[in-house]
Every structure is written in C-alpha cells, then in structure tokens.
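Chemist: Listed here are the chains, written in short residue letters.
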Amino acid sequence: MIEISDIRKKFRRKHVLNGVSFKVEKGQITSLIGLNGAGKSTILKAIMGLTPVDGGSIRIAGQPITHDIYHTVAFIPDRLTMPGSMKLRDGLQFMADFYPRWNPERAEDLMSFFRLERSERIGRLSKGTAAKFNLVLGMAQDVDYVLMDEPFSGIDMFSRELIAEVFTSQLVEDRGVLITTHEIRDVEHLIDRAVLLMEGHVIKDFNCEEMREAEGKSVIDVMREVYRP
Amino acid sequence: MNNEEWPEAVFNSRDPVYLQVVRHFKELIVTGRLTAGQTVPSRRELATRVKINPNTAQKAYKEMEEQKLILTEGNSPSRITSDTATLKAIRSELLGEAVEAFVQSVRRLDAPVDELVELVREKYTGAAGQPDGKAGGA
Amino acid sequence: MKTYLKLVHMEIYRFRFILLGLMALTAVVQLLGMQMSLTKSLNDVYRRMSAEGISLSEYAASYSKLSFGSIHSFNENLMTFPIMTCIVVLSLYIFFIWYREWFGKSSFVYRLLMLPHPRFTLYLSKFTAIMIFVFSLVALQVVLIALQMAMYRIRIPIELREYNTLIQTIGMWKAVIFVPVRLQEFFLVYGIGTVFVLMLFTTVLLERCYRFKGLIAGLTYTVGTVILIVWIMMMAERGGYFFYPSEFLIASIVFMLFNAALSLWLGRWLLRKKVTV
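Protein chains in written order, with my numbering: chain R, 1 to 229; chain V, 1 to 138; chain L, 1 to 277.
These are calculated hints, taken from the structure and not from any lab test.
A couple of the hints might just be wrong.
Here are the simulated DSS-like pairs of lysine-lysine, each with C-alpha atoms no more than 25 Å apart in a straight line [as the list claims (entries may be wrong)]: (1) R:Lys127 x V:Lys123; (2) R:Lys10 x L:Lys6; (3) R:Lys217 x R:Lys204; (4) L:Lys6 x R:Lys87; (5) R:Lys23 x R:Lys10; (6) L:Lys213 x L:Lys274; (7) R:Lys23 x L:Lys274; (8) L:Lys6 x R:Lys14; (9) R:Lys204 x R:Lys23.
Going by beta-carbon spacing under 8 Å, a handful of chain L positions derived as facing chain R [what the hints assert, rightly or not]: (10) Phe108; (11) Leu113; (12) Leu115; (13) Arg161.
Derived DEER-like restraints, expressed as beta-carbon distance ranges [said to hold, decoys possible]: (14) L:Thr128 x R:Glu25: 36 to 46 Å; (15) L:Arg100 x R:Ser57: 39 to 49 Å; (16) R:Tyr227 x V:Gln104: 42 to 52 Å; (17) R:Ser126 x L:Arg100: 16 to 26 Å; (18) L:Leu42 x R:Asp97: 49 to 59 Å; (19) L:Arg100 x V:Arg33: 54 to 64 Å; (20) R:Phe206 x V:Glu73: 33 to 43 Å; (21) V:Glu45 x R:Ser57: 32 to 42 Å; (22) R:Arg101 x L:Lys274: 20 to 30 Å; (23) V:Asn75 x L:Arg100: 46 to 56 Å; (24) R:Glu117 x V:Thr84: 51 to 61 Å; (25) V:Ala36 x R:Ser57: 54 to 64 Å; (26) V:Ala101 x R:Glu117: 27 to 37 Å.
In this text, a Cβ means the ideal position worked out from N, Cα and C, and glycines have one as well.
All chains, full assembly: derive it from the sequences and hints.
Modeler: This is how it looks when you write it as structure tokens:
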C-alpha cells in the first residue's frame, strides 16, 4: 500500500497541496481526479521522490522514500523521458541495464502489442507513439505499483483505445495502479477508486462500483456535484 | 460459442459494471450464444474481451457463482450451469424486465390492451424476418 | 559499482563527439603550427647562410642553435589557442552536464533520478566523466609534444639541434601549468581543479533545489573559496610571514580537502532530499 498522509506543498507562497491524504492499494486502479493545477502531477512526483514536500509523509509498503522504492514503484510521467537521440532499442537496453526488475519478455510483448519499431529514434516519435513507448518502459518493470500521469492526454482516439486496453490486461493485475487523468471517460469503467482533489484537499474518495450500487451515480455525476458551483 | 466472436458489450456508467457483466452473460445465455455446460473464459480473458479491469471481472464471476449461473469445481475452468430451473429463471427474469419496461413506457399513452397486443404481434413477427438491426443496450 | 561504470560510460558516450572534436582541433592546430614554425626557422637560417655565404657547420659555430623551445614558442598563441578552447568548453560542460538533463525536450532527469541505485552515483559518474575528459586532453597534449619533438628531430639538421628530454621540453613551455611535470605541482594544480569542479557541481544542484537563492549561495561559496585559496598561495609565494611556505601549503591542502568533503556531502544530501524535476 502507498500511504499518503497530510502532505503539504507550497509554490511561490501558494498552497498547492494543503494536507492531502489517501491510499493506493495493491490490486486496485485508483484515479486521481482534479481540475488543471489541482496538484495531481505534484502528488505523483512527490511519491516518486522527484520533488520534496513541505510536510506530511509518504510511505510505500511502510517504508519511507529512498532509492529502493524504484524497485517497487514505476512512474510513467506525462512525457517520454529518454534522450531523443536514442533509438527505441537503446531505450530498452538502458532499462535492462539499470533496472534489475526489468522484464524483457514483457517488454517484447508490449512492443509488439503497440507495434513499435525498435530502429526508430525516440526524438522522432509522434505523440501517440511516444506515449505507447512510455507505457512500455513503465509497464515492463516487475513492480508492485505503477503511477501514470495523464496517459491519455493529447493522443489520438485509436492510441487511446489501445492504451486503455492495458488496463484490462494482466499487466495491472495484482498491482496497485494510480493514474491521473482529466479524460475520465476513457477509463470510467476501468478504475476501482476515484480520489477527487480540490483546492489542495481530497474532497471525495470513493469506490466507483459501490457508488454506482449505492447511489446510482457515475464517476462523472459525482464530479459534476463536486466541481460545479 | 467461440471466444473470438464474443459480442461487444456496451456498459452504461451509472450501474455497477460487474452487474452489467452479469446481465450481459444472462443475455448471452437466453439468446443461446452461451449454452448449458459450456466453459466460460477465464477472468483475465473476459476482462480483455469486454474491456473491463480484471478486478471487476473477478467480482462479476463471484456474483454469477453466487447466483448459481456458473459453476466452478476445483481448479477446472468455470462452466455455465446445466440446471434447467436456473436457466429458465434467467429467461423469465430478462423477459419480465423487458416487458416491465415496455409496459411502463406504454402505460403513459393509456392505450387499450387489445390494441397493444395486436400492435406488438404485428411488429414482432414483421421484425423477426430482418436481421438484428440495432446493437445491444445503451 | 556496475551502475557507476555504466553511467560513466554513458556520460563519455554522450560527450564523445565534442571530446573527439577538441582532440582533433588540438592535434591539427598544434602539429600544423609546429610545422609552420619549423619551416620559418629553417628559412631564416638558410637565408642568413646564403647572405653570408657560410656553411651549416660555420653557422652552427657562430650563431646559437635552434632549440625546440624557441621554435615551439614561435607561434605561442597558436599553440595555446586549442588549450584555451578545451578549457572553456570543459568549463561550460561542468554546468551543461547537469542542465542538459533538465532542459531540452526529453527531461531525462526524471529517469536518472528514478534509477534504483543511490543518486550519489549519478553525481560521482558525472564528476568522473569530467575528470576523464580533462585527463584525456592532458594525455593528448603530452603525446603531441612528443610528436612535435619528433618533427623537430626530423627537420632540423643535427648541427643545429639541442637535446632535451620530453620532461625538460614540457618544463620549458609557458603553458606548463596545464601539464605539470613535478608530482607536487601536478597534485596542487589538479587538486584545486577537482575541488573547483565539485563546488560548481554543488552550486548547480543548489540552483536546481532553491533556484536563484541557491545559485547566489553556491556562487558566493565557490568564489569565496577560490579567493581564499589564491590568497593563501600568494602568502606562501611571498614568504616572510609568521608561517613557513610549507605550512601555508599544508593549510591550503587541508582547506581544499575540507571543501571537497563539504561539496560532496552537500551534493549528496541535495540529490537525496531536495532536488526537484
């Protein structure tokens, strides 16, 4: 379990995160929802130790953040963070070189699932293709948790469908997945849990199926209630 | 039914997805596309086929087991029940629901029953000849 | 260790074109410069010989010989230009080796900071890479001087030659500070250089963590340290104070070691706790 408790962060005197707490459980897909600038990406970066927080604590399976968490958690940022001069082949080799939990067979499967060409240069990929390769880099690690920042943003419909299929596969099984997205329609049927952020707080945190069962409300219905004045 | 030709399932976003999967199965059974005793896909396969997450597939199977729709013995794959009473019950449940919905929408028009029945017969037999025009539920 | 070596390899690989470019520039300019100086010096000798109608041995008896040093320094600026270029490029790369990870389209820093290994390895690998660049250029310089000596032996007639060892030759050159021949000098020059690189690395990280404030703090610290070291050295040069020059030397060495340790510790802490993408 990833436990985020009461984390706070200021950017130029503005409180971006003002005591955010929630949990990401293994075997569940959790979606972090919020309007632009709600601090979704900041939370993911904080979990990954890519930006310090001003207060609160983050624990992964009970452990504080050190470089050891990268054996357990993979992060798929909103951009492909590999040098553009590399070929896809080099990118895969880089991962195999530095990540003991890299799973080459799975990488192979994903490469063919997304029909990616190894000889292509990373810098020349289209946005959709780059997003797919980004997913390969994150998903082919044998980790317990995967965090994804806006995996659908700015990508054509067919790439989106293909990426959404990843969430229906064994790639997410038994893992804890945390995604941020503002295109909730792509994943509405796929997520188990929704955490709604507003003004630096968690304003609603619910299990989607329970919400549908108990109140007959879709995730979007709840979002309307929360975000519409 | 061959797994490759699994019909597309379209889910709405207000009913629990796992219950919609159960209903989807019931429709497949009633329409004879899943037959008594037939093995059903693993929950992984199902998740990929109908595009839901594996947890939801798991929950749907659990619900179907509770409703005795499918049977799982030991480690062998789950099968559709062969119990005729259960199968009949499914059929009447779906038919009942459909008729209920129909009646509710027609009642507002306050039409006499005889006229309705005649109209239904006419439409139903007329439509039977043409192929399945409209895709499943919305 | 394996990760460290792989990272060092990657850094070298990424800099390979620039490094090879610098090496090619240095080699071409210095060897061509030597060739031109040799030709010019010989032409002067032959002109004088024909003007005075004397033979080579008569010339050698009445005029001074053509020493390697005098020929080499004939085109001093040309010889020093590539060295200065290398110094400028490497100095800039001390910053760029970090900033290239943040800026540019790829934001490679995300990936590097998420490697399942201590982040300090990254710091050490970048530092090692810079040092490797420096020393490969220094080594090239020594090789080039040896080649220039060979050219001298081939072209200058034996009557006009002066014999010097490689070490002596290097010692005679004004740019000697870049290739110190005495062990003590070597350690002093490269010791100061090393500490300077470490301090600049930490300055970059301070800037990355605290932006403008960090930059000011880092630069103040670096410049202050350099001024202090230079001051101590000057005191040692001048002598006549309460302390012996050797004591000043020891003081500066201790001070440098302290700064190196501080930079390393601070850099490690910043990378672990404060760095942001």
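Chemist: Okay, arginine 100 (chain L) versus arginine 33 (chain V) on CB: inside 54 to 64 Å?
Modeler: Given range 54 to 64 Å: holds, Cβ gap about 59 Å.
Chemist: For a C-alpha distance cap of 25 Å, please report whether lysine 213 (chain L) and lysine 274 (chain L) respect it.
Modeler: Given pair lysine 213 (chain L), lysine 274 (chain L) holds - Cα atoms ~14 Å apart, limit 25 Å.
Chemist: Using the beta carbons of alanine 36 (chain V) and serine 57 (chain R), state whether their distance is inside 54 to 64 Å or not.
Modeler: 55 Å, holds
Chemist: Confirm or reject the claim that alanine 101 (chain V) and glutamate 117 (chain R) have a C-beta distance inside 27 to 37 Å.
Modeler: 51 Å, violated
Chemist: Sort out whether lysine 6 (chain L) lies within 25 Å of lysine 10 (chain R), counting only the CA atoms.
Modeler: 37 Å, violated
Chemist: Between lysine 23 (chain R) and lysine 10 (chain R), does the CA-CA distance stay at or below 25 Å?
Modeler: Answer holds: lysine 23 (chain R) to lysine 10 (chain R) is near 22 Å, not above 25 Å.
Chemist: Holds or violated: phenylalanine 108 (chain L) as interface residue toward chain R, Cβ cutoff 8 Å?
Modeler: Cβ of phenylalanine 108 (chain L) sits 5 Å from chain R, so the hint holds.
Chemist: Can you let me know if the beta-carbon spacing of tyrosine 227 (chain R) and glutamine 104 (chain V) is within 42 to 52 Å?
Modeler: This hint is violated: roughly 34 Å between Cβ atoms.
Chemist: Against the 25 Å threshold, does the CA-CA distance of lysine 127 (chain R) and lysine 123 (chain V) hold or violate the hint?
Modeler: 51 Å, violated
Chemist: Between the beta carbons of asparagine 75 (chain V) and arginine 100 (chain L), is the distance compatible with 46 to 56 Å?
Modeler: Roughly 55 Å apart at Cβ, these two residues keep to the hinted range, so it holds.
Chemist: Per the hint of 51 to 61 Å, is the separation of the Cβ atoms of glutamate 117 (chain R) and threonine 84 (chain V) within bounds?
Modeler: 55 Å, holds
Chemist: So if I understand the rule, the pair passes when the alpha-carbon distance is 25 Å or less; does lysine 6 (chain L) with lysine 14 (chain R) pass?
Modeler: Between lysine 6 (chain L) and lysine 14 (chain R) the Cα gap is close to 41 Å, so the pair fails against 25 Å, i.e. violated.
Consistency with the previously given hints fails for numbers 1, 2, 8, 13, 15, 16, 26, ordered from lowest to highest.
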